[in-house]
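Engineer: Here is what each chain is made of, one letter per residue.
Protein chains: 2
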Amino acid sequence: MRQSSLITTALLAMVSFATVACSDATEEKTAAATPAAATTAPVAAPALPTDIPEGMGVLPTSVPVPADNPQTAEKVELGKKLYFEPALSKSGNFSCNSCHNLGTGGVDNQQFSIGHKWQRGGRNAPTVLNAAFWSAQFWDGRAPLLEDQAKGPPLNPVEMSSMSEATVVARLNEAGYAPLFESVFGKVSLNYDNMAKAIAAFERTLITPDAPFDLYLQGKGDISEAAKRGMQKSAEVGCTSCHSGPLFTNNSFQKFAYGTDAGVKSVTGKDEDDHLFRVQSWRNVALTAPYFHDGAVKTLDEAVRIMARTQLDTELSDADSADIVEFLKTLTGKQPEVTFPVLPRPEGHALTWSD
Amino acid sequence: MRQSSLITTALLAMVSFATVACSDATEEKTAAATPAAATTAPVAAPALPTDIPEGMGVLPTSVPVPADNPQTAEKVELGKKLYFEPALSKSGNFSCNSCHNLGTGGVDNQQFSIGHKWQRGGRNAPTVLNAAFWSAQFWDGRAPLLEDQAKGPPLNPVEMSSMSEATVVARLNEAGYAPLFESVFGKVSLNYDNMAKAIAAFERTLITPDAPFDLYLQGKGDISEAAKRGMQKSAEVGCTSCHSGPLFTNNSFQKFAYGTDAGVKSVTGKDEDDHLFRVQSWRNVALTAPYFHDGAVKTLDEAVRIMARTQLDTELSDADSADIVEFLKTLTGKQPEVTFPVLPRPEGHALTWSD
Numbered sequence: 006m007r008q009s010s011l012i013t014t015a016l017l018a019m020v021s022f023a024t025v026a027c028s029d030a031t032e033e034k035t036a037a038a039t040p041a042a043a044t045t046a047p048v049a050a051p052a053l054p055t056d057i058p059e060g061m062g063v064l065p066t067s068v069p070v071p072a073d074n075p076q077t078a079e080k081v082e083l084g085k086k087l088y089f090e091p092a093l094s095k096s097g098n099f100s101c102n103s104c105h106n107l108g109t110g111g112v113d114n115q116q117f118s119i120g121h122k123w124q125r126g127g128r129n130a131p132t133v134l135n136a137a138f139w140s141a142q143f144w145d146g147r148a149p150l151l152e153d154q155a156k157g158p159p160l161n162p163v164e165m166s167s168m169s170e171a172t173v174v175a176r177l178n179e180a181g182y183a184p185l186f187e188s189v190f191g192k193v194s195l196n197y198d199n200m201a202k203a204i205a206a207f208e209r210t211l212i213t214p215d216a217p218f219d220l221y222l223q224g225k226g227d228i229s230e231a232a233k234r235g236m237q238k239s240a241e242v243g244c245t246s247c248h249s250g251p252l253f254t255n256n257s258f259q260k261f262a263y264g265t266d267a268g269v270k271s272v273t274g275k276d277e278d279d280h281l282f283r284v285q286s287w288r289n290v291a292l293t294a295p296y297f298h299d300g301a302v303k304t305l306d307e308a309v310r311i312m313a314r315t316q317l318d319t320e321l322s323d324a325d326s327a328d329i330v331e332f333l334k335t336l337t338g339k340q341p342e343v344t345f346p347v348l349p350r351p352e353g354h355a356l357t358w359s360d
Numbered sequence: 006m007r008q009s010s011l012i013t014t015a016l017l018a019m020v021s022f023a024t025v026a027c028s029d030a031t032e033e034k035t036a037a038a039t040p041a042a043a044t045t046a047p048v049a050a051p052a053l054p055t056d057i058p059e060g061m062g063v064l065p066t067s068v069p070v071p072a073d074n075p076q077t078a079e080k081v082e083l084g085k086k087l088y089f090e091p092a093l094s095k096s097g098n099f100s101c102n103s104c105h106n107l108g109t110g111g112v113d114n115q116q117f118s119i120g121h122k123w124q125r126g127g128r129n130a131p132t133v134l135n136a137a138f139w140s141a142q143f144w145d146g147r148a149p150l151l152e153d154q155a156k157g158p159p160l161n162p163v164e165m166s167s168m169s170e171a172t173v174v175a176r177l178n179e180a181g182y183a184p185l186f187e188s189v190f191g192k193v194s195l196n197y198d199n200m201a202k203a204i205a206a207f208e209r210t211l212i213t214p215d216a217p218f219d220l221y222l223q224g225k226g227d228i229s230e231a232a233k234r235g236m237q238k239s240a241e242v243g244c245t246s247c248h249s250g251p252l253f254t255n256n257s258f259q260k261f262a263y264g265t266d267a268g269v270k271s272v273t274g275k276d277e278d279d280h281l282f283r284v285q286s287w288r289n290v291a292l293t294a295p296y297f298h299d300g301a302v303k304t305l306d307e308a309v310r311i312m313a314r315t316q317l318d319t320e321l322s323d324a325d326s327a328d329i330v331e332f333l334k335t336l337t338g339k340q341p342e343v344t345f346p347v348l349p350r351p352e353g354h355a356l357t358w359s360d
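Protein chains in written order, with the numbering used here: chain A, 6 to 360; chain B, 6 to 360.
Pairs count within a copy or across copies, as identical chains cannot be separated in the list.
Below are the DSSO-like pairs computed for lysine-lysine, each with C-alpha atoms no more than 30 Å apart in a straight line:
(1) Lys303 / Lys122
(2) Lys192 / Lys339
(3) Lys270 / Lys303
(4) Lys122 / Lys156
(5) Lys233 / Lys260
Because the hints were derived from the structure by calculation, they are not lab data.
With the rest of the complex left out, here is chain A (with noise of 0.2 Å):
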């Protein structure tokens, strides 16, 4: 297994980290996703499953947590609105959401998203549901924290491409933002890094626990036979040697022999970082097509196959790739339930957008 520095420096930031149920300091609940996320009360308590491959778990309830941005209810609260908040695009017309969307698994099912002006990204854009856990942010790593990557998306130009820091906290000001920030951060606190620690802040709460697997672990629910062929298929080939534990990725840099993008390498520039690309998680993962970082994968059937392949050397048959789909599919927990943030704007005139 190779490593970049990146990762280290991302592995060093975990040491100053805390942990916290991720229900605490929120109102936001969890919703049922979709129809496979719903499972039947069982008539009686099943006994627990004893099959599970090595490390297998049912997800965390709490996540790290910087030690300088401890999660309050009141920062969750703010940091959704920054989330939801198109105000922080140049033209007014993206949020986190636009890309990131919470009713649709967190993503926006596109190749690649569009931006400003109509503008397509170069990579595909992953999920924010689960992000808390990650070791780092983006496909190539390059953001350590969530706060880290909550800063990069208002500036970039082919995404909200707003002209500088100053500009965004200039309009959240005219918003009427400065009142929120300072109940929360204190005084004069409006400040590029205080609404990347807020918005981070609320992704913090958007975990997805009780997918049918977890549900299944614990003794509360079934899977279908399928599923659980495709479990065991999937240690024993050797997805899991990455995609392993809870979270379904142990969170390390490896090198995907696939495409064209360099990944770690366009960041650092060193020839050992070439194609190497932050493991994903499985969680969600039936939600999130488009697959892999150029979103060219239309199905969850191909990329599994495409990785077998390409890291395994192992070629699937039509039937074994059909179940770790559907060991897959067990794996979309239930959404965070958000209420809609009412956000603060000017009376009687409105913010200034443009091209």
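Once you have looked at the hints, place chain B on chain A.
Structural biologist: Below, chain B without anything else, positioned relative to chain A:
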């Protein structure tokens, strides 16, 4: 007062209406909107104000409902999903909420909304809030009912730009909406008409009660002295001959000798309809800048002065205009509290979008 044949149609349509209490058949609640909507609880119950200009009143608590589209909780919930559904758009980028954002007064605060491939519409997006009360929809009233209005944007080439009703229905079917429609409308009921009915049912829940003015009228709160002067002044100069009643619109069409847009004439082709527009409500007007059908007027103060000048031949003093604006700000009601919907999606593959 001149009214077009369109209005007659709209009023006839009202005959078959029932009304329902706004809180019926829906989980949607209302939440404090903006600082302006907050009121201080009185120490003792104040006397009811006695000097309210004729016709002004508390926002009704029930909305007209067409006999062929009764409200049900399940239909409202389906309509909410569709309201937030980017699959109505060809690109997968726009939902109803993109331009009629429930976080920002039911509008996008753009002069002209951004649509497919960054095209701009030709008229300012009106608010969806309280639209259930209007006699007709669109600035030119070309849609008698919310059901008619909802069918427009998905197919409008500069808005959502879907190719046909069949295309939209096929995409909703692929997303997994068929069972939801069948539960609400019966077997084989996923069609464009029912889509519009469900959206309209949801929109009928988007009512904004308890504006400071409403609380003042009921002896539950107070408004500023400036607002009280503005209230009297607006009646005195004649604004409320059209912006009348609890809705602050008499739901008529009036000649607005402003700009180059022909208004109702652009629909009927009749000279008598030239520059006729539906009288806009003052409810939540402080949130819906920029103003007028061309969105060219940036401030409420300027909008008030232009209206007084063109419609009433009155030049308002700075003080009177400021007072009227203060009054208008008291008409911002509690904004609907909406739980963000989780949308149906196929598992393991994405819907197909295109430019």
